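Participant: So the sequence lines, in the order shown, correspond to chains F and A. First residue of the first sequence? That's 411 in our numbering, and the numbers climb one at a time after it. First residue of the second sequence? That's 36 in our numbering, and the numbers climb one at a time after it.
What the hints contain is simulated information worked out from the structure, not anything from laboratory work. For clarity, every value in this text was computed on a predicted model and none was experimentally measured. Watch out, some of these pointers could steer you wrong.
Pair ranges (Cβ atoms, derived) [to be verified]:
no.: 1; chain 1: A; residue 1: D127; chain 2: F; residue 2: N784; range: 16 to 22 Å
no.: 2; chain 1: A; residue 1: Q73; chain 2: F; residue 2: L785; range: 33 to 39 Å
no.: 3; chain 1: F; residue 1: G820; chain 2: A; residue 2: V213; range: 39 to 45 Å
no.: 4; chain 1: F; residue 1: A812; chain 2: A; residue 2: A226; range: 47 to 53 Å
no.: 5; chain 1: F; residue 1: I412; chain 2: A; residue 2: D127; range: 48 to 54 Å
no.: 6; chain 1: F; residue 1: A721; chain 2: A; residue 2: H121; range: 35 to 41 Å
no.: 7; chain 1: A; residue 1: G150; chain 2: F; residue 2: D456; range: 27 to 33 Å
no.: 8; chain 1: F; residue 1: Q591; chain 2: A; residue 2: S145; range: 54 to 60 Å
no.: 9; chain 1: F; residue 1: R748; chain 2: A; residue 2: Q125; range: 42 to 48 Å
no.: 10; chain 1: F; residue 1: G654; chain 2: A; residue 2: I46; range: 41 to 47 Å
no.: 11; chain 1: A; residue 1: G206; chain 2: F; residue 2: D595; range: 47 to 53 Å
no.: 12; chain 1: A; residue 1: V213; chain 2: F; residue 2: D456; range: 21 to 27 Å
Even glycine gets a Cβ: it sits at the ideal position worked out from N, Cα and C.
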Amino acid sequence: MIKQTEGSQAVAEAVALCRPEVICAYPISPQTHIVEGLGALVKAGDLAPCEFLNVESEFAAMSVAIGSSAAGARTYTATASQGLLFMVEAVYNASGLGLPIVMTVANRAIGAPINIWNDHSDSMSQRDCGWIQLFAESNQEALDLHIQAFKLAEEMSMPVMVCMDGFILTHAYEQVDMPDQAQVDAFLPPYEPRQVLDPAEPVSIGAMVGPEAFMEVRYLAHAKQTMALDRIPEIAAEFKEAFGRDAGGLVRGYRIEDAETIVVALGSVVGTLEETIDTMRAEGVKIGVLSIRCFRPFPMAAVRAALARTARVVVLEKSFAVGLGGIVSTDVRLAMVRIHVRGYTVVAGLGGRPITQDSLLRVLRLAVADELKNLTFLDLDWDIVNRHLAREAATRRSGPIAENLLRDIGSGARPTTAGKAQP
Amino acid sequence: MGANMTGDSPILQIRIHGRGGQGVVTAAEMLSIAAFEQGRYAQAFPSFGSERTGAPVVAFCRIDDKPIRLREPILAPDVLIVQDAHLLQQIDVFLGLKPDGHVLINSRKSAEEMGLGEMAARLPAGHLVTLPATEIAMKHLHRPLPNAVLLGGFAAMTGMISLEAVVHAIGHKFKGEVAARNIAAATEAHALLAAAKEAGA
């Protein structure tokens, strides 16, 4: 059924259609609306049988998820930002134990300074934790990815993180096509665990493993993620066959066939990039965009194949490794070994800074002319940066950075809409 | 239905200004539901800034005949809806407004009385309109929540959406008595501005 709804509500309904048996969550913006929606469905009896647990922290949420998944229940949770960081120890345990939990990460910046708005720092901090990470471009895709995620997780016995941009998607009202229960039931078979805590057939899960086998257990996690590289596009194809929509898979190219410049990005910014690419194409610039829809396992071969014949690659990412530069860029570069291509990294949209077409046009035109720096921070306010550097050079007791910068801006807060352009 | 309801009209961008607690985000969401009800693609989203009660809040709605890919904030609005006229002294709500744009302000005063005569003169006739939305809301809801009232006014003023679609959207967001009272308030605002438009035409 096609309807106009909020992204979080759409995801809640899609998760409910997957018949989770245990949902445990601790509220944190911008994820809260998703589990609120699911809580309402459980309370109304529209999602049954399902146990909804309010837990005391994110660490408890993932710990409950581990227990219920090990007991054979289809299990779901959601979090964001500091919440994800707080559950990290259990996040690694979930993947290390091979438990097919599905978790939404409503992408949000990590503090300090505290910031509730969107970027990819939270998911990127967990890129090596052993979970599969899928990124949604739109609310329709977020909805569709959750249905695929349960199938993928349970087939592979591996947890899956569905990453969707906080606020930009979670709080956006747009049109979605919501499948019906029969369609989802036909696509997603009941959960058949590889391992289960069953009193009738007792096993233990979570043995201590010493040097004699630890490397082998870890290697098997890598081998399984490598196998998932084959299974993810197959599931996307099966989904398209069943639901008639293109969602998921490893990568998706837009106007890349003859492109001399390809922008690589993840998530909802791909839509704004497509508009920008259309503008540049109309000016005769051969440019396209490659959306990475699956970040872990990293689709090395698919990225390499998509970028092999282009002259330059601009990785636009909402994440940033302090002291290094781009995070996605590093992986893309690894995929491009021995391919000669000019590579640029543009860090954009940190902490909810809007990514506008005008700014993208400016930076991509510089890239096409090969006048862009290797590492660029989109719309960085150099004035307040340099003022603070001067302050530190001038005086030892220069004070807290965040407070100083806010004072320099004058209002005590960032403008509310579009960087410096808005009231 | 107005001229903008035809098959290949350009994207319509609406920016709503108000304060936290005034239902600014809900207004944008209802507008998107109303547009969807009329067979169009619509996208509503909040601004990414302070969300405290009383703080200036901005929400956005895009309406188009094709799926909407763009996700930047609305920088050059076709329509501005101002839920709290006091914001005019605080921020430049008109920033980026298209030269032929529409402005609807919640106020008992006329544009001239508000000192906006020059702004009104720059826009096409009838494109800057005030509506006593708080008073209408107090009458029907007994609370100063002007959002649904202004959507009724917006429908009459621009013809970009129908009153029926607004009524449907209110019914989607609110239930029972609250929905009925908001619908009555929006309908009164629609009648008021439709009559004013008729008189001005």
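Participant: Can you name, in rising order, the numbers of the hints this structure does not satisfy?
Facilitator: Violated: hints 1, 2, 5, 6, 7, 9, 10, 11.
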